[in-house]
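Novice: Each chain is listed here by its residues.
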Amino acid sequence: MSAPAAASRAEARRGPFPWDLLGVVVLAIIAAFTPDLLRFVFDRASVSYLSIASNALSLAILALSWDMLARTGNLSLAHAAFYGAGAYTTALLVKHADVPLWLGIPLGGVVAVAFALLLGSFTLRLRGIYFAIATLAFAEVLKSVVHHAPTDFAGGNAGMNVPALFRPVFIAGEMERWEVAYMRNEAYFYVYAGLLVATVLASILLQRSRLRHAMTAMRTNEEVAGVMGVRATRVKLLAFTLSSAFVGMLGAVEAHRVGSVLPEQSFSVATTVLALVTPIFGGLYTTLGPIVGAFGLSSVQELLRRTFADGYLIGYGVVLVLTILFMPRGVVGTLGTFFRRRRKGAQR
Amino acid sequence: MSVVLTAKGLSKRFGGLAAVDDVSFEVEQGEIFAIIGPNGAGKTTTLNLVSGLLVPTAGSVTLHGRDLTTLTAAERCHAGLGRAFQVVQPFPEMTVRENVLVGAMFGTPGISRADAERRADHALEVTGTTNLAERDAEELTLMEEKRLEIARALATAPTVLLLDEVMAGLRPAEARDAVRLVRSVRDEGVTVVFIEHVMPVVRDLADRVLVMDYGKVLTEGRYADVTKDQRVIEAYLGRDDDAPPTDVAAAAAPAGASGDAAEDEA
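Sequence lines, in order, name chains A and B. Quick note, the first sequence lines up with residues 4 to 351 if you use our numbering. Quick note, the second sequence lines up with residues 462 to 727 if you use our numbering.
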């Protein structure tokens, strides 16, 4: 064994510097100061900037959760179902049970996991496109069930109202009108930030554990992985559980923020599409990729919307297509390859 | 010697076709056991039935007296069955060492990370791939890939290792290396079951040979005996050949990796 190899082996044993965990701390600190910073810079316009930032965080949670399942080689088209399950759970709780509002959020996660395990148990043998189609069907079935459930139970086509989690009170003379909206948005922002930090930590734990190797092996070839002792079924169900838990909680929070649940809106195909487009844009199978994708896409969309109010979605589509054409491994994947090549070139 | 692996009455039907039909054999501790036969004889299907990639229509597989028939491929791996594939499929997003580490970490449930790393390093050493450890798995040559394939399987700590046509596609010099490699695996105390087309390799390596044709066992025994068997010669060459050769080896060895591949070894 050569000396540098031995040195790198020793480093591996001690563990390399935990950049990923440091990243979480930095992210959390930035998030903690973001509302005040926005308010300082934009004054009353910060209300809408906070809302945009919350959307970006929400997209990051959705994308990162989707990626955790994708790492096992299963491309889910069911994330709208988990999202909707969470949203309807909290709405139904509010309507039918006298429990604290916040309880709907963890329970939304639990119900989403239950549905995910149900879906997981009968799609375990399916691979690739067949898996994707089955999951898409599952989301449509859930939407249809909610739609056709008795109206006085789940609201049918008209949906249900969901009260806001936070209701700051306007105190005349002590604050301005817009500050009420600011406080509400700030509170939601922190909820999203907290949920994103939890999602990121789960993703990092996966990436640091031996499960990362199991997932990569399964993604390449599930048969070979199995022959090498990887219990693919267990790993898949774990990935389903983690992935759906965060999306379910996200769906519940968003139901409160939006103020209502509707079959078409809570089980929207758009949610599923965003869940997979964002990691593809940012870089698949990493913790950083989906986050970069979420902030990248949100920024692009916002910039375009402000530049051409009409038809900005066309520009958004063009950006997406160009990215996938020229950066098939996403922003993070492409940059990673670029830096690795440069380092290798420097060594030679 | 004691029997480690038993296949009893293994059958696999695909619709009306019996790919494997009532195949039974016993493999003894520490031996190198070859499965040969013409293309389509059902050799790989048999290996898939043993390693759990296919569910048999009938029959059973026993390892160390433990019935594996209802277990998944992963559970059979944990029980001590290793498997290397004919079409080598390394995990391309990992280094060579990480590939081997997958086998080490998941082949033995509950193994500590440190033990898995030690086992992976040992498997790299046995297969002569230590110097490739930090390379990306997608940068390997075919022979290096084959070494990796065996290293991965070896890292799962098998008592029986199933090898599917390790020599396929190798040049003669490489085939010689591969023969040495299989021997060193056996010297690790691992029982080897292998499928092979290159007859000199079979002659040099195999303690016993099982001959299959049309999904059935034709005969079983020492290399020298089975290759003289008239049924085996017919299976390989057909019954009404113009010039009936008497040596299966000469007829069955494909071009490229023939004769001299193992001659020097003998």
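Rather than coming from a laboratory, the hints here were simulated on the basis of the structure. Any given hint could turn out to be false.
Over 12 Å on every C-beta distance to chain A, these chain B residues come out as not near it, computed from the model [stated by the list, open to error]: (1) Asp482; (2) Gly543; (3) Arg544; (4) Glu554; (5) Thr569; (6) Asp638; (7) Gly650; (8) Asp690.
Capping the alpha-carbon separation at 16 Å, the derived lysine to aspartate or glutamate pairs in EDC-like fashion look like this [unchecked claim]: (9) Lys677/B x Asp482/B; (10) Lys677/B x Glu695/B; (11) Lys469/B x Glu681/B; (12) Lys677/B x Glu492/B; (13) Lys677/B x Asp665/B; (14) Lys347/A x Glu595/B; (15) Lys469/B x Glu489/B; (16) Lys347/A x Glu600/B; (17) Lys347/A x Asp597/B.
Note that beta-carbon positions come from the ideal geometry of N, C-alpha and C, so glycine has one too.
Novice: Let me make sure I understand: some of the numbered hints might not hold for this structure. Which ones are they, in numerical order?
Specialist: The structure breaks hints 2, 3, 4, 5, 12 and 13; every other hint is satisfied.
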